[in-house]
Amino acid sequence: MEDVRMTVPVAAVLRAFLEDPRKERYGFDLMKDTSLKSGTLYPILARLEVAGWLVSEREDIDEKTEGRRARRFYRISPDGAGAARVALAELHSQVGIPSSSMLHLRPLGGQA
Amino acid sequence: MSTVLVAAFASLGGLVLGMLSDMVSEEVRARLDRLPQAIVGLAVLRLPCAVRDATRHDWLADLDILLHGDEAVPVTRLFKGVSFGLSLLFSASKMGKELEILGKRQREKEEAKRIHVWKPDPITRAWRKTSYPPESLIRLVDHKMGESMDGDILWVHSNRFEDINSDMCVLFKHSGRW
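Chains as they are written, first to last, in our numbering: chain A, 4 to 115; chain B, 17 to 194.
Chain A extracted, bound-state conformation (with noise of 0.2 Å):
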């Protein structure tokens, strides 16, 4: 597990993997949810799976079948997780927010 250089858009990627673990998270979802956009998110993506945090599978359809591309989803690896908790926790006490508030900070489409 390597590090990652934590920013509001790192933690609200994480953030969102936080919320459910085991959820399998796709790239357009993960716009919607932490409202930034594509050049920003996928940077933070590939990073976050380089570093070991998260996973990527691309789904297992038939294209021809379903009429659409398969997609690749990500899941925060066990590891991931437990590291992220901790980052969240230090970004929250060096921003000097509690974390409650942190949690619904949402980044203005800064680079991460």
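Be careful, since some hints might not be right.
If you anchor each label on the Cβ, the simulated ranges turn out as follows [to be verified]: (1) B:L36 x A:R8: 55 to 63 Å; (2) B:L28 x A:S38: 50 to 58 Å; (3) A:A73 x B:T140: 36 to 44 Å; (4) B:D69 x A:R25: 54 to 62 Å; (5) A:E62 x B:R47: 25 to 33 Å; (6) B:R45 x A:Q97: 47 to 55 Å; (7) A:V89 x B:T140: 55 to 63 Å.
Simulated pairs of lysine-lysine, DSSO-like, Cα-Cα distance not exceeding 27 Å [claimed, not checked]: (8) B:K110 x B:K125; (9) A:K35 x B:K110; (10) A:K35 x B:K113; (11) B:K125 x A:K67; (12) B:K96 x B:K110; (13) A:K26 x B:K125; (14) B:K120 x A:K26; (15) B:K120 x B:K110; (16) A:K26 x A:K67; (17) A:K26 x B:K96; (18) A:K67 x B:K110; (19) B:K125 x B:K113; (20) B:K96 x A:K35.
The hints are simulated quantities; they were obtained by calculation from the structure and are not laboratory data. Each residue gets a CB set at the ideal place from its N, CA and C atoms; glycine is no exception.
With the hints as your guide, set chain B onto chain A.
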């Protein structure tokens, strides 16, 4: 008489204009619908060659959902699709390194899944162990050409090197891996 003719031509002209207008708007709509895909295609060109195909597939899959979701009315669809593509276009170069690492890991994972097959060597005529992707093994077993033994080793049912070799060629050609 001439009034009737003028009226008939006017109606015909109106009909033709209406049809042309519909066709033009249809054409414009179809072309505008392709604009987000084209921008995503440009964004992918900013990535290292090795990861372009897989990344294009993943991004276009998410774009499809964005363009064909419940809120996909034409103008919103265009705006959201173009915004999705442009955002990737400006940030693609930032994730090239990470995507390359992920691509390499994926290839290593696929290589580890490959299945070892005992196959006759056409020159030395000796059995040689080679590795193939799992789907190829399934095809061989389906065609009663061999069976899986010792976990991942395939034993082929025949002593005739030529037959086995040519049949295997055909089967692997079908799997697109030969």
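Hints versus structure:
1. B:L36 x A:R8: 55 to 63 Å: holds (57 Å)
2. B:L28 x A:S38: 50 to 58 Å: Because 53 Å falls inside the window, the suggested range holds.
3. A:A73 x B:T140: 36 to 44 Å: holds (42 Å)
4. B:D69 x A:R25: 54 to 62 Å: Cβ of B:D69 to Cβ of A:R25: about 30 Å, so the range 54 to 62 Å is violated.
5. A:E62 x B:R47: 25 to 33 Å: Between A:E62 and B:R47, where Cβ atoms are some 29 Å apart, the hint holds.
6. B:R45 x A:Q97: 47 to 55 Å: holds (50 Å)
7. A:V89 x B:T140: 55 to 63 Å: With Cβ atoms ~58 Å apart, the hint holds.
8. B:K110 x B:K125: holds (25 Å)
9. A:K35 x B:K110: holds (22 Å)
10. A:K35 x B:K113: Since the Cα atoms of A:K35 and B:K113 sit roughly 26 Å apart, the hinted pair holds (cutoff 27 Å).
11. B:K125 x A:K67: holds (26 Å)
12. B:K96 x B:K110: holds (22 Å)
13. A:K26 x B:K125: Answer holds: A:K26 to B:K125 is near 23 Å, not above 27 Å.
14. B:K120 x A:K26: Between B:K120 and A:K26 the Cα gap is close to 26 Å, so the pair holds against 27 Å.
15. B:K120 x B:K110: Within the cut-off at roughly 18 Å; holds.
16. A:K26 x A:K67: Roughly 26 Å separates the two Cα atoms, so the pair holds.
17. A:K26 x B:K96: With Cα atoms ~26 Å apart, A:K26 and B:K96 stay inside 27 Å; holds.
18. A:K67 x B:K110: Roughly 33 Å separates the two Cα atoms, so the pair is violated.
19. B:K125 x B:K113: holds (19 Å)
20. B:K96 x A:K35: Given pair B:K96, A:K35 holds - Cα atoms ~12 Å apart, limit 27 Å.
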